[in-house]
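Residue numbers (the working numbering), protein chains in the order written: chain E, 1 to 341; chain L, 1 to 341; chain Y, 1 to 341; chain F, 1 to 341.
The hints are all genuine.
Derived Cβ-Cβ restraints for the label pairs, each shown as a range:
1. Y/140 with E/189: 46 to 54 Å
2. Y/162 with L/341: 44 to 52 Å
3. F/141 with L/46: 38 to 46 Å
4. E/204 with F/141: 20 to 28 Å
5. Y/140 with L/46: 50 to 58 Å
6. L/189 with Y/159: 30 to 38 Å
7. Y/51 with E/209: 55 to 63 Å
It is worth saying that the hints were derived from the structure and are not from the lab.
Here a beta-carbon is modelled for each residue, glycine too, at the ideal position from N, C-alpha and C.
4 protein chains.
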Amino acid sequence: MINVGIIGVGRIGKVHGESITRYVKGAAVKAVADPFLTPETEQWAKNLGICEVYTDYHKILDDKDIDAVLICSSTDTHSSISLEAIAAGKHIFCEKPIDHDVNKILGVKKALENSRIKYQVGFNRRYDHNFKKTRAAVEAGKIGELNVLKICSRDPGAPPVSYIKVSGGIFLDMTIHDFDMVRFMSGSEVDEVFAYGAVLVDPAIGEAGDIDTAVISMKLKNGALAVIDNCRRASYGYDQRVEAFGSLGQVAISNDTESSAVISDATGVHAEKPLLFFLERYMGAYVDEVSEFIDCIENDKPVSVGIDCGLEPVLIGLAAKRSLEKGVPVKIAEIAAEYGL
Amino acid sequence: MINVGIIGVGRIGKVHGESITRYVKGAAVKAVADPFLTPETEQWAKNLGICEVYTDYHKILDDKDIDAVLICSSTDTHSSISLEAIAAGKHIFCEKPIDHDVNKILGVKKALENSRIKYQVGFNRRYDHNFKKTRAAVEAGKIGELNVLKICSRDPGAPPVSYIKVSGGIFLDMTIHDFDMVRFMSGSEVDEVFAYGAVLVDPAIGEAGDIDTAVISMKLKNGALAVIDNCRRASYGYDQRVEAFGSLGQVAISNDTESSAVISDATGVHAEKPLLFFLERYMGAYVDEVSEFIDCIENDKPVSVGIDCGLEPVLIGLAAKRSLEKGVPVKIAEIAAEYGL
Amino acid sequence: MINVGIIGVGRIGKVHGESITRYVKGAAVKAVADPFLTPETEQWAKNLGICEVYTDYHKILDDKDIDAVLICSSTDTHSSISLEAIAAGKHIFCEKPIDHDVNKILGVKKALENSRIKYQVGFNRRYDHNFKKTRAAVEAGKIGELNVLKICSRDPGAPPVSYIKVSGGIFLDMTIHDFDMVRFMSGSEVDEVFAYGAVLVDPAIGEAGDIDTAVISMKLKNGALAVIDNCRRASYGYDQRVEAFGSLGQVAISNDTESSAVISDATGVHAEKPLLFFLERYMGAYVDEVSEFIDCIENDKPVSVGIDCGLEPVLIGLAAKRSLEKGVPVKIAEIAAEYGL
Amino acid sequence: MINVGIIGVGRIGKVHGESITRYVKGAAVKAVADPFLTPETEQWAKNLGICEVYTDYHKILDDKDIDAVLICSSTDTHSSISLEAIAAGKHIFCEKPIDHDVNKILGVKKALENSRIKYQVGFNRRYDHNFKKTRAAVEAGKIGELNVLKICSRDPGAPPVSYIKVSGGIFLDMTIHDFDMVRFMSGSEVDEVFAYGAVLVDPAIGEAGDIDTAVISMKLKNGALAVIDNCRRASYGYDQRVEAFGSLGQVAISNDTESSAVISDATGVHAEKPLLFFLERYMGAYVDEVSEFIDCIENDKPVSVGIDCGLEPVLIGLAAKRSLEKGVPVKIAEIAAEYGL
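Turn these sequences into a full structure, and let the hints steer you where they fit.
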């Protein structure tokens, strides 16, 4: 039995707490920590049978009986807590992104060298039943050689502008998942990126220095092309799809719905909207990613979504940002070189 | 070039007139006849370049240059005109049903014996792209041995009660197409039928002695089971589907729509209704059935939808009628025996 | 916290054990009992943290700290254990069917009179996300007045003939779920039933005195018609669909799949088969039905799937059986009258 | 009745010849001309009842009884024949593109000034039932303000390299239709374009100086973004789809198939591939575009796809070409300015 501590029990921390307690075999949540503990959170922990509830996460790091931590705190604390957890010898599951600052990610990477610590990044979409099947089809050669990859990724609605301001910008906050998907689906690194962006959802997002709508095209190192379209608003629900085109065919997924009920009446044929947002769409993926993390610890396997999976999408995000600012395509190597990579 | 005369140019006669003129290779409409000729019909004929327009169909039967006739007059005249056309040596395409009276159909059948006349019955659904593909899949063994056949056949709205009164009842007017489909899809004769009926659309239909909603189950001679559901009302459009289940799988079709456009918005995902009614859904089938008829004449091939295809569904319809009246299943052989078959 | 004991921990008992432990809030499995306890089952219980594992279910009935029992033993023991559990004052969740013998069900019903015991029958499909949405649409008047109900219910493969022999026949073993669905979807009782059956899957099933393929049509008391098609074999997976047609429209559901991935290649467009069988398709429903049961106990609400929901489908099943044997439609009232109902 | 002459009766000229003869009301093909007349073409014309068959198209231009010409000859002759036809006072339907050389298009435009000649360009997709419905939904505000437009346009297989060499390159030969679709769907002009291209289908295409796979992103003047993906190969058939995303929702179309038949078996659920290629997919659109052209002549209406619709996509195509060559985004205004526009 792997004992786990969760650092940060906001929305995503609670998701992991519940899914580990209920669904993840071989793991138990021994403790949670959050600097802003509320009575609701304490009750939530109690209901799940989690007895140790702290404001100071160091109590978790100091607990010899805790094997692994989930870092679910705010992004700006991910890298420093990672370093402390590494020093404490804990295995680490860190929510994405590790940091917006490449140097901080590199700091974590360095600290992991020569350690036996498992370090997994929370790119949950890799564990989604639809995306996984798509990748499996590509990997199995069902569509031959990959030629073009198209990712549609649209949120049901924009977050508050206060969040936008500290988000690192759409490319590091939202598209970062899609950059990870490009890498996952193609099995290739990205060579170059070109981004168009616009403020079409909310002028306040533009005033905050960000965009809310984007079309990002890419050349991959394996020769394929890719394109992502992002929007902070999809009135019809969370739109998360991928299409991969290859020499022998195509594979595509559609969104999940609550049920398959279709009503036909005099006004048309009416089906359900996609599931509302990530908690609904990716609940199964949250369970599976942590289950795999636990399995890697128990059986000393390498994690499949490690520190480099946390690093590369940030480099691509920074390249997309520069592309948007300068109006030209940007090589990932250009960004990497600036960090000595 | 096969010269054709059309007897009866109401709705379906006009459909054939237009489709032959435009789409049927090797055939031309030389003349049309209708006892209730209107100026609109005369103009319609003129627009299509049909010069001979009569009130008396005997002028068509007397024309030595006319090779074939399409009998599109009212049902009660089909058999007597068939007999006259046979006597005149014309090939005949007769709209369904040949008659509601089995003896009259048998009279036509007898008259055709030893003649070289092609006699085709207008069961258009056999030529529909969707139904044809389903039959092809069944015939090719794609679903293995046929076990169960389900036919959904629902009209968008009920005809006037005046029509209902002379229609022969739902089983001979509407279900007759579906009985033909059971024979076509299964490649088997029907052994026994049991019918449930109800008046759920319009009480006036019940007052006219008919039903408007039915579920008809059948045992086929090949051992398979079949079920048809009929309704005179489908608010969402003309619903014409079939599902065939076999030892190895299933084949099913959906309705055609005007376009594949799907709109997703905050209220749901909205697709188009099925095409409104038979003229929209089966336009291609009307062309193809007459094209095959012309081909059978030109190349002296046997027709695939001959006089027996006109007879059998009437026998099944009469069995269904008796089943509904008596509340018990009825063998087709019981009806047939009453006609010495 | 409601303490639960599970009597019978074969396949379905284990399903409930896991789902209560993991997902059902406010309930805990305190004990399980099974006369054929295996080491695997003991290990299974231990893994779930269930400490009390008995061969004799009376130990559960005698435990004052156990509030409710789930009867998941073989069908022939359901009614007698129900009576004992009622005598012991336990709330009861009984797997379907309560019994094949109407008198035994009536015995349980009598024992429940004037008691405050919650008695729920395990008709899980009522809790399936797709069926629930269909019922909700019908109930909300989305399709107007219900006219016709069609249920397609096909198992991926036949059970062993040894099971068939003690199953009570297809109508009481398999169709009973569909009879329940007719009542649930329509909100109406069944008036009369007519059944066609055939042995098309395995002759051994016929030799065992049963059929493996059936088309069952019904008249409902609210005037609507219904039809169920059953087969013990669906090579493409578990086929569980319903279509409801009404005065204003239609509602239909399709089967669930593992993912929405669709592969298009030179041979066609390929999607996934339906989920394999009931454990896959109805896992969510198993959780929800027991959650509702627990909620009814905790908050003293009437159960929605009570003893009468266990009785009526058996009456319909017996009527279907008689219809098949005699070749005529059979009124449910005829069967009921034989039991003084 | 409008008399029409067809100049060039290769594949597309024959399509128009047949569709006018059969389906276009108010028009007749009086003559056809082709410098490479074959006996097959002569027979084809005879079968359609077209008596005048020439090698020299001037005979058509000289015929006072001919009101309109369809220019279906090779692209390099479109503009010069257009000029001659304008001089002869004929209304003109010209296949796309008018020319690859902007100056030649401008020459035609100049010649049309102050004339009453109808000049329509053959952008058939605007008349496709699916694309039309999508545009109608966008125009009607069903998705609110347009934010992002995605066009997927993939040919089933690459044309011969000999064709590629004179095609003007993928952007002027293939994408030109999609550039037209961007203008049609958005109701906006394009501001800037950025193109990624690759040779992934056939190295010989690369050796011929062209690409076979492209992702082209665009900024539109109305502020929306657009992206097109093109490939000369789609093993699963002709892939022609569009998705439009707006402030209130999304509209999308799927490909047409020959039938809706779906076969489910032990290996999966199998539907049909998209219709093979443009003749199959756009047959209805070919009829409708010429019908509208004839209607514009008969009723003196302005054509909806006029000379500017022929010009703009060429400017965008040239911008895309330059973008690909230089690796930077290119403004359409930059290209236009070079032609004094």
